[in-house]
Every structure is written in structure tokens, then in C-alpha cells.
Amino acid sequence: MRILMLTVLLCAAAVTAPSAAAAPLSCADVGGVFVAHGTDGRGDCESADPRHKCHIPPDEQDVFDPTGNYVAGFTMSPPFPGGSLSFPEMVPGMIKGASNADCWKLPPS
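Taking mature numbering (1 follows the signal peptide of the UniProt record, and there is no 0), I'd label the letters of the sequence shown as residues -22 to -1, 1 to 87.
What the hints contain is simulated information worked out from the structure, not anything from laboratory work.
C-beta atoms are modelled at their ideal positions from N, C-alpha and C, and glycine is treated no differently.
A hint or two may mislead.
Pair by pair, the computed Cβ-Cβ distance ranges are [claimed, not checked]:
#1 N47 with T17: 29 to 39 Å
#2 D80 with T53: 17 to 27 Å
#3 V13 with M68: 12 to 22 Å
#4 A79 with V41: 25 to 35 Å
#5 G60 with D40: 31 to 41 Å
#6 T17 with P70: 27 to 37 Å
#7 V41 with A1: 12 to 22 Å
#8 P35 with S87: 17 to 27 Å
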């Protein structure tokens, strides 16, 4: 009985063990630049590509892309120039599925 319990506990621990965290990504890693908003220096990562299609205003994004897959920018943690992109493990998939994917570059893998 004790061996069975120990086996179950070890299997449960292996299943719930956290996976390796994704490496931090900078704004430059995805072809972006930090853009400050407001007066306290906080901001986000926006595409460095100067084309209009890469900088559609929020109120026009649904018209530009009715699918809702337009990526205007990425949040950063902390939200200052030296910060990393939030949720780096999701960034490649977001870029691949974006209607404006050519405004960004895929980060190094």
C-alpha cells in the first residue's frame, strides 16, 4: 500500500512539475520599439515598421481586420524601456497568427 501511494505521489509530482520558463524577449527581438505613453514613462512595445498597416489606430482595427487578429503591440514587464515582453511563450504564436504578421519578426528560438 505504501509503495502504491509513493508511486502515485511521484507520478502526480512529475505531471504537475513546472516546465522550463521561456527565455525573456526584448522589444527589439520582435522588431519593435518601446513607446512611452503618458507622463510617467510607462509604455509598451510597438512595431518599428513605419508602414501605415503596422500602426492602425485602435478604433480602426476592427475595420482593418474583422477577424480580430491584429497585433498592435505587446505589454512589457516592467512597462519601461529596459523591460521584457510579458508572456514570452505566447509571443511567437501571436505573431504567426496576426493579420499584420509582416510588421513583426519572429523572435530567435
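If you check the beta carbons of T17 and P70, does the distance land in 27 to 37 Å?
-> With a Cβ separation near 33 Å, T17 and P70 satisfy 27 to 37 Å, so the hint holds.
Just tell me: holds or violated, for the beta carbon distance of D80 and T53 against 17 to 27 Å?
-> The hint (17 to 27 Å, Cβ to Cβ) holds, given that D80 and T53 are roughly 21 Å apart.
Range agreement (Cβ of M68 with Cβ of V13, hint 12 to 22 Å) | The hint (12 to 22 Å, Cβ to Cβ) holds, given that V13 and M68 are roughly 20 Å apart.
Can the suggested window of 25 to 35 Å be confirmed for the beta-carbon pair A79 and V41?
-> Since A79 and V41 have Cβ atoms about 19 Å apart, the given range 25 to 35 Å is violated.
Could you say whether the range 17 to 27 Å given as a hint is met by the Cβ separation of P35 and S87?
-> violated (32 Å)
Could you see if the CB distance from V41 to A1 stays within 12 to 22 Å?
-> Given range 12 to 22 Å: violated, Cβ gap about 36 Å.
Hint check for T17 and N47 - Cβ pair distance inside 29 to 39 Å | Given range 29 to 39 Å: holds, Cβ gap about 32 Å.
Range hint compliance [Cβ, G60 to D40, 31 to 41 Å] = Holds, at about 33 Å.
Taken one by one, the earlier hints fail for this structure at numbers 4, 7 and 8, listed in ascending order.
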